[in-house]
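Could you build all of it, start to finish, from the sequences and the hints given here?
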Amino acid sequence: MAQEHTVKAFDDDITRLRGLIAEMGGLAEVALTDAIEALVKGSEDLARGVIARDKKLDVLEAEVDKLAVRIIALRAPMADDLREVIAAMKICGVLERIGDYSKNIAKSAMKVEQRRKFEPLTLIPAMADLAGQMVHDVMTAYAARDAVLAAEIIARDDKVDAFYDSIFRNLVSHMMENPASITSAAELLFVARNIERIGDHATNVAEMVHYAATGIYLTDRDDRKNA
Amino acid sequence: MDHRRKHPWAGLGIALATAAGMLASGAEPWLTLTVLVLWTGSLWLLLPDPAPFAAEPDFAGAAATARRDLLGPVGTPLVLIEGQRIVEANQAARSVLGAHILGQDARIVLRHPEAIRLLDLGDDGTVTIPGFTGGRSLWQLTRRRVDETRWLIELRDRTTEADVSRAHTDFVANASHELRTPLAAIIGYIETLIDAGGKVDPATSLRFHETVLREARRMQVLVSDLMSLSQVEAEKHDLPDETVDLARLIERVAGEATALAGKGRVEVTVPDAPVNLRGDRAQLEQLVRNLIDNALKYGDAQAPVRVTLQAEGPGSVRLAVADNGAGIAPEHLPHLTRRFYRTDPGRSRAAGGTGLGLAIVKHIVERHRGQLDIASTLGVGTTVSARFSPVS
Numbered sequence: 001m002a003q004e005h006t007v008k009a010f011d012d013d014i015t016r017l018r019g020l021i022a023e024m025g026g027l028a029e030v031a032l033t034d035a036i037e038a039l040v041k042g043s044e045d046l047a048r049g050v051i052a053r054d055k056k057l058d059v060l061e062a063e064v065d066k067l068a069v070r071i072i073a074l075r076a077p078m079a080d081d082l083r084e085v086i087a088a089m090k091i092c093g094v095l096e097r098i099g100d101y102s103k104n105i106a107k108s109a110m111k112v113e114q115r116r117k118f119e120p121l122t123l124i125p126a127m128a129d130l131a132g133q134m135v136h137d138v139m140t141a142y143a144a145r146d147a148v149l150a151a152e153i154i155a156r157d158d159k160v161d162a163f164y165d166s167i168f169r170n171l172v173s174h175m176m177e178n179p180a181s182i183t184s185a186a187e188l189l190f191v192a193r194n195i196e197r198i199g200d201h202a203t204n205v206a207e208m209v210h211y212a213a214t215g216i217y218l219t220d221r222d223d224r225k226n227a
Numbered sequence: 001m002d003h004r005r006k007h008p009w010a011g012l013g014i015a016l017a018t019a020a021g022m023l024a025s026g027a028e029p030w031l032t033l034t035v036l037v038l039w040t041g042s043l044w045l046l047l048p049d050p051a052p053f054a055a056e057p058d059f060a061g062a063a064a065t066a067r068r069d070l071l072g073p074v075g076t077p078l079v080l081i082e083g084q085r086i087v088e089a090n091q092a093a094r095s096v097l098g099a100h101i102l103g104q105d106a107r108i109v110l111r112h113p114e115a116i117r118l119l120d121l122g123d124d125g126t127v128t129i130p131g132f133t134g135g136r137s138l139w140q141l142t143r144r145r146v147d148e149t150r151w152l153i154e155l156r157d158r159t160t161e162a163d164v165s166r167a168h169t170d171f172v173a174n175a176s177h178e179l180r181t182p183l184a185a186i187i188g189y190i191e192t193l194i195d196a197g198g199k200v201d202p203a204t205s206l207r208f209h210e211t212v213l214r215e216a217r218r219m220q221v222l223v224s225d226l227m228s229l230s231q232v233e234a235e236k237h238d239l240p241d242e243t244v245d246l247a248r249l250i251e252r253v254a255g256e257a258t259a260l261a262g263k264g265r266v267e268v269t270v271p272d273a274p275v276n277l278r279g280d281r282a283q284l285e286q287l288v289r290n291l292i293d294n295a296l297k298y299g300d301a302q303a304p305v306r307v308t309l310q311a312e313g314p315g316s317v318r319l320a321v322a323d324n325g326a327g328i329a330p331e332h333l334p335h336l337t338r339r340f341y342r343t344d345p346g347r348s349r350a351a352g353g354t355g356l357g358l359a360i361v362k363h364i365v366e367r368h369r370g371q372l373d374i375a376s377t378l379g380v381g382t383t384v385s386a387r388f389s390p391v392s
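Chains as they are written, first to last, in UniProt numbering: chain H, 1 to 227; chain F, 1 to 392.
Hints were generated in silico from the structure; no laboratory data involved.
Using N, Cα and C, we set each Cβ at its ideal position, and we do this for glycine too.
Hints should not be assumed to be uniformly reliable.
As the list claims (entries may be wrong) - The calculated label-pair distances, taken between Cβ atoms and stated as ranges, are:
no., chain 1, residue 1, chain 2, residue 2, range
1, H, Leu82, F, Pro334, 47 to 53 Å
2, F, Ala64, H, Ala9, 18 to 24 Å
3, F, Thr377, H, Asn178, 43 to 49 Å
4, H, Lys56, F, Gln91, 47 to 53 Å
5, H, Ser43, F, Thr377, 44 to 50 Å
6, H, Asp161, F, Thr377, 35 to 41 Å
7, F, Arg281, H, Asp158, 54 to 60 Å
8, F, Thr377, H, Lys41, 42 to 48 Å
9, F, Val37, H, Ala79, 52 to 58 Å
10, F, Val37, H, Leu74, 49 to 55 Å
Right, here's the structure in full:
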């Protein structure tokens with residue numbers, strides 16, 4: 001796939017664009033891992049670190065946008081090059097969202113009290129591991145332009161959703177039994193919700209990777225199941 | 001590239017000489033001029049022209065090949081970065097990171113923020129990156145300067161080392177937990193007895209004391225297991241120097257076990273001739289004892305435990321301890337020799353197991369350069385066998 005472009009400058013631009021996206025992916029992945037660690041350990045420092053680092057993601061997103069617009073304006077890319085640039089623009093927005101969700105988790109982490117009492121606190125890290133692995137693998141698929149891996153990642157989202165359902169039920173029954181801890185339980189519910197959204201967004205990135213590599217959209221869930 | 005353009009001086013000389021000769025021999029001047037022009041013109045036409053480009057030695061290509069030859073066979077993953085781009089990655093690096101990384105932006109591969117920091121660093125440095133290849137992996141990246149624009153990044157997989165240290169922490173945690181459980185029971189019962197101030201009826205008092213004794217014994221067994229485990233581990237690399245007759249040793253240990261478990265519970269089949277092994281007597285006794293104990297504990301109480309020792313081809317004997325019991329599910333088999341690993345924690349503790357028996361067995365077998373094998377069928381039974389090389 002990595003054929004050379006006759007215009008070296010164009011090649012440099014595309015490579016730089018992909019590099020920026022990868023950097024964003026790395027940041028988003030670490031944001032999720034750190035936010036969950038902050039939640040489990042109750043470490044405010046880690047949580048603050050996640051919140052502070054989210055700014056870097058915003059900066060990178062702006063940089064990707066600028067570079068993508070510049071490539072389109074100056075080089076008028078065609079076919080798979082154009083798809084590459086369009087996908088990069090979309091992916092960077094999604095990765096920024098993943099960073100935001102992680103930031104939300106970090107914020108919630110600081111509000112949860114008496115964390116030892118919650119059973120879902122063992123489920124949430126497992127769920128986050130799944131979602132984090134999706135983000136990691138989707139960036140690998142992006143780097144390798146691997147449409148097969150991308151399709152496989154999309155299939156994994158169901159597991160994250162199933163986790164969310166079980167955590168939801170668990171927390172609701174916890175709230176009914178312990179009305180005193182409803183505030184913390186609600187925070188945990190938000191955390192689970194955020195992780196579930198991260199899984200969905202990883203799926204979105206996977207769809208974009210698939211599109212950039214093959215030109216085929218894998219959007220509708222129902223289509224996927226029939227395929 | 002002027003210096004490389006050749007002028008056909010020799011051809012020009014001959015042409016001029018011919019022209020001079022023609023003039024001297026009285027040829028027409030216009031004819032002479034025409035011949036001269038055609039001749040010299042043809043000289044330039046025939047000149048092998050832009051060939052010098054191809055003939056130029058390909059220094060860049062040669063350097064790339066040399067680089068590839070140099071990095072290729074190195075087992076450690078290495079990535080060469082020029083500016084921001086990956087210009088070379090050896091086989092090891094490509095198998096870890098994928099073949100697509102060549103020519104890509106370095107951040108495509110090293111996208112972890114710590115790795116990016118390493119890239120942005122103006123100087124050599126090392127970072128450790130968790131989850132670099134996903135999951136629980138741990139990699140150490142070292143960046144070394146090659147020249148003005150190029151950097152070599154060395155990747156080292158530290159996952160195993162991290163696992164070892166995690167296993168060690170787990171072991172300490174598990175051991176303390178296992179010791180604390182009987183201790184808590186002992187303290188609890190004794191406290192109750194003291195608080196009652198002697199007003200406990202004798203039957204209850206006796207029952208409490210029995211529990212205390214049982215828990216204390218459990219602690220004793222655990223402590224001695226922990227000690228033998230650490231001792232076997234410490235001696236793991238020294239070959240034992242005694243000569244031990246394994247056949248008689250098995251008979252003796254099985255005899256002791258029968259005395260405790262009841263007649264007919266242990267069936268022993270060993271050759272009459274001595275089977276001499278270079279080994280550590282105390283450890284081999286413990287090995288056989290642990291295996292028989294396990295079989296008695298987890299096997300069917302009605303069926304006997306079969307202990308056999310037989311020659312298996314030249315230079316190999318096989319000790320096997322088989323029981324008829326519930327068997328062990330296949331997913332547990334690979335973990336059985338891990339410390340404190342239990343397939344059914346409740347039952348194992350109730351039977352007085354420490355979770356260390358097979359870990360000790362494994363270490364003893366390894367120290368005697370033997371092979372441990374556990375075969376089990378659910379509902380049928382388990383056979384644990386160890387192969388050793390006897391001394392001739």
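- Do Lys56 of chain H and Gln91 of chain F keep their Cβ atoms within the hinted range of 47 to 53 Å? Once the Cβ atoms are compared, 34 Å apart, the range 47 to 53 Å for Gln91 of chain F and Lys56 of chain H is violated.
- Message: Taking 44 to 50 Å as the stated bounds, is the beta-carbon spacing between Ser43 of chain H and Thr377 of chain F within them?
- Response: Holds: the Cβ-Cβ distance is about 48 Å, inside 44 to 50 Å.
- Query: That 54 to 60 Å hint for Arg281 of chain F and Asp158 of chain H (C-beta), does it hold up?
  - Reply: 59 Å, holds
- Measuring from beta carbon to beta carbon, are Leu82 of chain H and Pro334 of chain F in 47 to 53 Å? 51 Å, holds
- Message: If I claimed the Cβ atoms of Thr377 of chain F and Asn178 of chain H lie 43 to 49 Å apart, would that claim hold in this structure?
- Response: Cβ of Thr377 of chain F to Cβ of Asn178 of chain H: about 47 Å, so the range 43 to 49 Å holds.
- Taking 52 to 58 Å as the hint, is the beta-carbon distance of Val37 of chain F and Ala79 of chain H inside that range? Since Val37 of chain F and Ala79 of chain H have Cβ atoms about 54 Å apart, the given range 52 to 58 Å holds.
- Cβ distance range 42 to 48 Å for Thr377 of chain F and Lys41 of chain H, holds or violated: 44 Å, holds
- Task: Note whether the CB distance of Ala64 of chain F and Ala9 of chain H lies within 18 to 24 Å or breaks it.
- Result: This hint holds: roughly 22 Å between Cβ atoms.
- Consistency of beta-carbon spacing, Leu74 of chain H to Val37 of chain F, with hint 49 to 55 Å: 52 Å, holds
- With respect to the beta-carbon atoms only, verify the hint that Asp161 of chain H and Thr377 of chain F lie 35 to 41 Å apart. 39 Å, holds
When each numbered hint is compared with the structure, a violation occurs for hint 4 only.
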